[in-house]
Amino acid sequence: MSAGVNVQWLYVLFFYKFIEEYTVSGSAIVVNALKYMLESSSVTTADIEAYFSNDYIQVVNGNELLFHHFVSHIQVLKDTLINANIDILSIAENGNNVHTHHRVKVTKKDGANAEFEVFARFILSEGKITHCYELTRKISGDEQDDDLGSRK
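With numbering that gives the first Met the number 0 as the guide, the letters of the sequence shown map in order to residues 0 to 151.
Just so you know, these hints were derived from the structure itself, not from any lab.
From the three backbone atoms N, C-alpha and C, an ideal C-beta is built for every residue, glycine too.
One should not assume that every hint holds.
[Unchecked claim] Cβ-Cβ distance ranges computed for the label pairs, FRET-style:
(1) Asn60 with Lys104: 17 to 27 Å
(2) Ser71 with Ser124: 19 to 29 Å
(3) Asp141 with Gly94: 31 to 41 Å
[Said to hold, decoys possible] Straight-line C-alpha distance at most 27 Å; calculated DSS-like pairs for lysine-lysine:
(4) Lys107 with Lys34
(5) Lys34 with Lys137
(6) Lys34 with Lys127
(7) Lys137 with Lys107
(8) Lys77 with Lys34
(9) Lys77 with Lys137
(10) Lys108 with Lys77
(11) Lys77 with Lys104
(12) Lys104 with Lys127
Sequences are here, hints too, so could you generate the full structure?
Put into structure tokens, the structure is as follows:
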């Protein structure tokens with residue numbers, strides 16, 4: 000092999016190592032989206048569009064939310080809650096699917112607390128979340144907050 004061929008292979012190896020190191024995994028996208036949407040004090044539509052496709056569909060306990068419903072849902076959460084904390088209990092990724100089991104603890108503006116357990120399957124395409132199929136159950140909190148996971 001000539002020196003030129005060896006240098007070409009070095010460039011190829013460097014390129015693939017660079018791509019591997021700087022490619023964001025689906026799991027990282029989902030965790031970042033969940034934490035940003037729930038834990039940030041304010042979220043704009045542009046913030047949501049950074050993580051979710053415009054044709055995003057979410058199904059929570061059988062209730063379907065399209066992208067504009069999801070934007071409304073996030074705004075309702077921001078209007079209702081003082082803070083939220085998400086704890087990822089487990090996460091698995093296979094291809095464009097990311098599955099999470101997580102808990103969310105919230106404090107509402109009226110001072111009441113609630114906690115939810117969530118099992119979710121996220122589907123990603125081109126670095127954005129396109130679908131979420133979610134089962135959410137309230138562990139503790141007021142009965143009126145049973146729908147907080149899909150309220151819009």
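- Query: Cβ-Cβ distance between Asn60 and Lys104: within 17 to 27 Å?
  - Reply: holds (19 Å)
- Item | Hinted pair Lys34 and Lys137, Cα distance within 27 Å | Holds - the C-alpha atoms of Lys137 and Lys34 are around 19 Å apart, at most 27 Å.
- Item | Outcome of range test on Cβ distance (Ser71, Ser124; 19 to 29 Å) | Once the Cβ atoms are compared, 23 Å apart, the range 19 to 29 Å for Ser124 and Ser71 holds.
- Task: With a cut-off of 27 Å on the C-alpha distance, tell me whether Lys107 and Lys34 pass.
- Result: Roughly 17 Å between the alpha carbons, so the hint for Lys107 and Lys34 holds.
- Hey, Lys108 versus Lys77, does the alpha-carbon distance stay inside 27 Å? holds (10 Å)
- Task: Decide if the proposed pair is consistent with the structure: Lys77 and Lys137, CA atoms, cutoff 27 Å inclusive.
- Result: holds (18 Å)
- Message: Checking one constraint from the list: CA of Lys104 to CA of Lys127, max 27 Å. Satisfied?
- Response: It holds: about 25 Å lies between the C-alpha atoms, which stays within 27 Å.
- Query: CA of Lys137 to CA of Lys107, is that 27 Å or under?
  - Reply: This hinted pair holds, its Cα atoms lying about 14 Å apart.
- Do the alpha carbons of Lys34 and Lys127 lie within 27 Å of each other, as the hint requires? holds (15 Å)
- Item | Hint consistency between Lys77 and Lys34 [alpha-carbon to alpha-carbon, up to 27 Å] | holds (13 Å)
- Agreement of Lys77 and Lys104 with the hint, judged by alpha carbon distance not exceeding 27 Å: holds (14 Å)
- Is the hinted range of 31 to 41 Å satisfied by the C-beta distance from Asp141 to Gly94? With a Cβ separation near 39 Å, Asp141 and Gly94 satisfy 31 to 41 Å, so the hint holds.
When each numbered hint is compared with the structure, no violation occurs for any of them.
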